[in-house]
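Trainee: What follows is each chain in one-letter form.
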Amino acid sequence: MTVPKRIGKIRFGLISPQEFRKMSVVKIITADTYDDDGFPIEMGLMDPRLGVIDPGLRCRSCGGRPGECPGHFGHIDLIAPVIHVGFAKLIRKILRAVCRDCSRLMLKENEKNMYLEQIQTLERLGQMTDDTVNKVFSEARKNKTCPYCGAPQQEIKFERPLSYIEAGHKLTASDIRDRFEKAPDDDIQVMGMNPATARPEWMILTVLPVPPVTMRPSITLESGQRSEDDLTHKLVDIIRINQRFQENREAGAPQLIIEDLWELLQYHVTTFLDNTVSGVPPARHRSGRPLKTLSQRLKGKEGRFRGSLSGKRVNFSARTVISPDPNLSIGQVGVPMDIAMELSVPMIANTRNMEIVKTFVRRGPDRHPGVNYVTRPDQRRVKVTDKNCEEVAEQIDIGWKIDRQLADGDIVLFNRQPSLHRMSIMSHRVKVMPYKTFRLNPAVCPPYNADFDGDEMNMHVPQTEEARAEAEILMRVQENILSPRFGGPIIGGIHDYVTGSFLLTHLRKPIDRRGVMELVKKFEFSELPEPEGVVDGKPYWTGKQIFSLILPRGLDLSFKADFCYNCDVCKGEDCENDAYVVIEDGQLIMGTIDAEAVGAFKGKITDRIIKEYSPSVASEFLDRMTLLALRGIMYAGFSFGIDDEDIPAAAAEQIDDTTRTAREKSQQLIEAYNAGELESLPGRTLDETLEMRIMQTLGKARDTAGKIAGQYLGLDNSGVVMAVSGARGSMLNLTQMAACVGQQSVRGERIMRGYAGRTLPHFRRGDLGAEAHGFVESSYKDGLNPTEFFFHAIGGREGLVDTAIRTSQSGYLQRRLVNALQDLEVKYDGTVKETRGMIVQFQYGEDGVDASRRDYASTDNVKRIIKSVLKKKESA
Amino acid sequence: MSPSAAPSKKKVVLVTKFAVRDHEMVPDHVLLTPEEGVEVLKAFNIVAPQLPKIHINDPAAKEIGAKVGDIIKIVRKSTTAKHSVFYRLVID
Ligand SMILES: [Mg+2]
Ligand SMILES: [Zn+2]
Ligand SMILES: [Zn+2]
Ligand SMILES: [Zn+2]
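Going line by line, the protein sequences match chains A and B.
Counting with this note's numbering, you get residues 1 to 876 for the letters of the first sequence.
Counting with this note's numbering, you get residues 1 to 92 for the letters of the second sequence.
Hint data in this document are derived by calculation from the structure and do not stem from the laboratory.
A hint or two may mislead.
As the list claims (entries may be wrong) - No farther apart than 30 Å at their CA atoms in a straight line, the calculated lysine-lysine pairs in the DSS-like style are these:
id, chain 1, residue 1, chain 2, residue 2
1, A, LYS5, B, LYS67
2, A, LYS182, A, LYS142
3, A, LYS833, B, LYS62
4, B, LYS17, A, LYS833
5, A, LYS833, B, LYS82
6, A, LYS611, A, LYS872
7, A, LYS383, A, LYS436
8, B, LYS77, A, LYS9
9, B, LYS17, A, LYS827
10, B, LYS77, A, LYS827
11, B, LYS73, A, LYS827
12, B, LYS67, A, LYS833
13, B, LYS62, A, LYS863
14, B, LYS67, B, LYS53
15, A, LYS827, B, LYS53
16, A, LYS833, B, LYS53
17, B, LYS42, B, LYS17
18, A, LYS827, B, LYS82
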């Protein structure tokens with residue numbers, strides 16, 4: 001292995017022919033690769049000095065073995081110069097900017113000095129010089145005669161791909177090179193180039209570097225035939241034409257033939273560099289497949305940068321669609337049997353596990369959990385089959401490695417793209433299951449931002465003890481319940497789990513013995529709590545009691561529920577809406593469990609349990625909560641249909657009144673405006689004032705309509721239950737469905753675009769009324785009229801465009817931020833340092849606080865602690 | 001720029017230059033003695049070049065008469081930690 005070297009600096013420039021020769025270990029003169037005995041031919045394309053790929057041989061240049069020798073460049077001397085395709089456009093620019101006679105940049109001395117100064121200033125400031133350089137080229141081109149020698153200039157036409165035509169004559173690569181060679185260094189600097197590292201004539205190749213064999217290895221087919229790399233094929237072409245060219249020129253062949261050969265050489269060099277130049281037919285393999293040459297190796301998604309360096313494919317991984325399974329723990333992942341039988345975990349046989357190992361091997365590859373491969377201590381791999389498994393099992397000895405199939409309890413990493421935060425990859429325990437999808441508890445959807453509309457996820461199996469230990473200690477789901485972003489639980493109930501908890505715990509609905517049994521059937525409680533009361537000789541319990549069963553003993557907590565109406569003065573424990581939660585010693589005394597208590601992103605109970613008990617207790621709580629909530633929603637029964645958006649006729653009439661009045665009121669405003677009676681608001685024009693007042697009026701109308709509808713939609717309405725408990729949707733959504741959709745807007749203003757003076761041909765020019773500018777009076781349930789529908793589509797489109805733009809922009813921002821910060825580390829002394837030990841922060845985040853470990857600095861904590869200490873004393 | 005309180009009624013002095021350290025947005029810059037500097041380096045177990053840098057021409061550095069190689073202590077107001085202390089090495 002070579003010692004890693006530290007990169008001091010990187011300089012970009014052109015390589016000169018001299019440098020090409022200097023770094024070359026051999027001049028290639030023959031197109032042949034191997035002789036009849038299979039040995040590489042000297043001075044051929046596979047010359048042993050170019051590096052080694054065949055095992056057992058040593059490099060003739062550095063003495064390294066295959067894998068050690070990095071390979072060494074050779075070179076081909078081109079008989080005639082050819083243009084480098086990558087510089088075609090720049091060559092054109094320079095040709096037009098320099099004099100055809102004396103090769104000087106056609107700008108006056110003082111202009112040159114001015115531009116040079118500008119370029120140097122920009123470079124000193126580390127800024128782009130592109131604009132100035134482009135200005136130099138465009139200004140120089142304007143001169144029709146040379147300001148130095150007075151030579152008249154000709155128009156130079158550029159024809160794709162590589163022809164430069166001056167007054168009807170095609171310039172040869174030699175002509176261009178001659179011109180560039182004469183250009184003085186000072187002029188080159190004005191063109192934004194450094195003559196020491198980038199002379200323009202170096203854009204025209206006279207020497208072609210031959211890449212080392214290590215980057216174009218030949219492969220030996222099963223038939224013993226050698227198959228060469230695409231690059232080698234291309235180099236063979238170049239050498240052949242180069243030789244023919246030389247022979248013809250020495251023989252004094254006619255100019256026409258020479259020109260043809262030159263053109264052909266140019267073609268081969270061009271396609272060697274880039275086989276997708278427009279206007280150049282791509283070079284093809286004998287089979288008709290286009291060759292993959294240099295630039296194809298680097299460019300695009302599968303190229304070196306995006307495909308091999310930024311991202312790679314890995315073994316021991318699986319990918320499939322995900323689906324929900326609330327019976328799994330949040331720390332588990334359901335793995336399809338097909339995947340479990342393909343992926344493996346290595347085991348090394350030793351004295352203690354010999355029998356276990358042999359049992360695995362004896363099962364063979366078809367009986368799960370079996371073994372797919374065994375590796376002998378001499379690194380020979382043996383495939384275990386149904387036939388040889390008994391035999392292999394007997395041979396197993398200490399030191400053999402067996403690749404055991406993935407089984408229940410194995411630890412794996414689970415991931416969903418885009419991996420934007422660390423909770424996007426967490427470790428789960430495997431549960432092998434039938435069917436073809438990964439299964440996960442819906443409570444872990446929020447950190448992955450996953451849903452089940454066809455999302456796919458990846459799974460990776462750690463292969464070493466160290467990797468498994470890291471996965472288990474740092475990456476387990478339960479260790480990631482608290483988000484480092486805001487310190488609260490990111491894992492928790494969503495949708496039906498919140499609804500279910502709400503329905504179960506709201507108020508004190510009596511539940512008979514049968515109901516209680518149904519609710520707790522998934523659990524193993526040894527006894528039920530004392531019944532809350534007795535009716536008709538039959539005992540009954542409440543949902544609050546049932547929910548208390550899954551709370552850990554000793555938990556003390558009180559908070560306002562999500563569905564608290566935010567009364568002016570909170571009555572706290574006397575809240576008549578059952579919206580104030582009090583938990584004492586793990587008993588839900590009062591209040592309703594909703595999103596605030598168990599939901600993802602909020603989860604007060606989850607949060608408290610993690611901090612007072614442990615993440616494992618919290619994870620167990622979440623498991624039980626998901627099960628109980630599902631039982632809860634099933635016991636209560638829950639559905640939402642079109643008739644849940646119905647409101648009584650009286651309410652509909654009231655809403656109509658409201659919108660009508662609002663419309664009339666905005667009409668009055670318009671009349672006042674036309675009559676010049678409208679008073680403008682401070683800092684606003686009259687037009688702005690009118691707009692604001694109308695928006696205000698219509699906005700208020702929708703709110704009022706919503707309130708009216710809300711009065712008739714109570715907790716017996718499923719939509720309200722979902723909105724109020726924080727499960728899904730909001731009262732606004734319900735308002736829009738049942739009462740009035742409201743004003744549609746573009747960029748926060750009423751819709752103003754469309755035809756001259758009006759939004760649609762249905763309105764008069766200059767109509768400022770509500771319906772002419774996007775006020776949707778109907779509800780979704782009633783349906784929108786055609787103009788309303790159109791305005792709604794306009795407003796809806798803005799939302800879609802916004803999200804599309806936002807995701808792409810924030811994605812780019814995230815990439816740049818991560819690139820800048822990825823190597824920073826919080827050290828044990830609390831400082832943040834980068835890899836060289838340079839300090840970035842003296843205290844992590846100024847205060848040294850880890851958001852996920854802090855416990856909100858609130859006085860509530862003190863009160864709670866005092867309370868629980870006093871209680872302990874009492875009971876003691 | 002706003003005119004300063006006139007020292008006398010006759011002469012109205014227009015403030016064209018003010019001390020940056022007087023601006024409320026500029027955190028306190030304190031020039032450390034060489035001994036204090038060594039203390040800081042010892043406390044963080046680092047060498048001077050590993051400190052964040054401040055240019056000798058930085059207005060705040062100029063004002064307190066810092067020289068190249070000095071260490072400046074910067075005390076910022078922080079919403080979460082009240083004060084956050086930062087050190088910078090003066091460079092040119
Ligand atoms: Mg999806
Ligand atoms: Zn070598
Ligand atoms: Zn000239
Ligand atoms: Zn309340």
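Trainee: Work down the list of hints and note, for each, if the structure agrees.
Mentor: To see whether the hints hold, each was checked on the structure:
1. LYS5(A) with LYS67(B): Violated, because 35 Å separates the two Cα atoms, which is more than 30 Å.
2. LYS182(A) with LYS142(A): holds, 21 Å
3. LYS833(A) with LYS62(B): It holds: about 27 Å lies between the C-alpha atoms, which stays within 30 Å.
4. LYS17(B) with LYS833(A): violated, 38 Å
5. LYS833(A) with LYS82(B): Status holds; Cα separation ~23 Å.
6. LYS611(A) with LYS872(A): holds, 19 Å
7. LYS383(A) with LYS436(A): holds, 25 Å
8. LYS77(B) with LYS9(A): violated, 38 Å
9. LYS17(B) with LYS827(A): violated, 43 Å
10. LYS77(B) with LYS827(A): Holds. LYS77(B) to LYS827(A) sits at ~23 Å (cutoff 30 Å).
11. LYS73(B) with LYS827(A): Roughly 21 Å separates the two Cα atoms, so the pair holds.
12. LYS67(B) with LYS833(A): Holds. LYS67(B) to LYS833(A) sits at ~25 Å (cutoff 30 Å).
13. LYS62(B) with LYS863(A): Given pair LYS62(B), LYS863(A) is violated - Cα atoms ~51 Å apart, limit 30 Å.
14. LYS67(B) with LYS53(B): OK: LYS67(B) and LYS53(B) at ~13 Å, within 30 Å.
15. LYS827(A) with LYS53(B): holds, 20 Å
16. LYS833(A) with LYS53(B): holds, 14 Å
17. LYS42(B) with LYS17(B): violated, 38 Å
18. LYS827(A) with LYS82(B): holds, 22 Å
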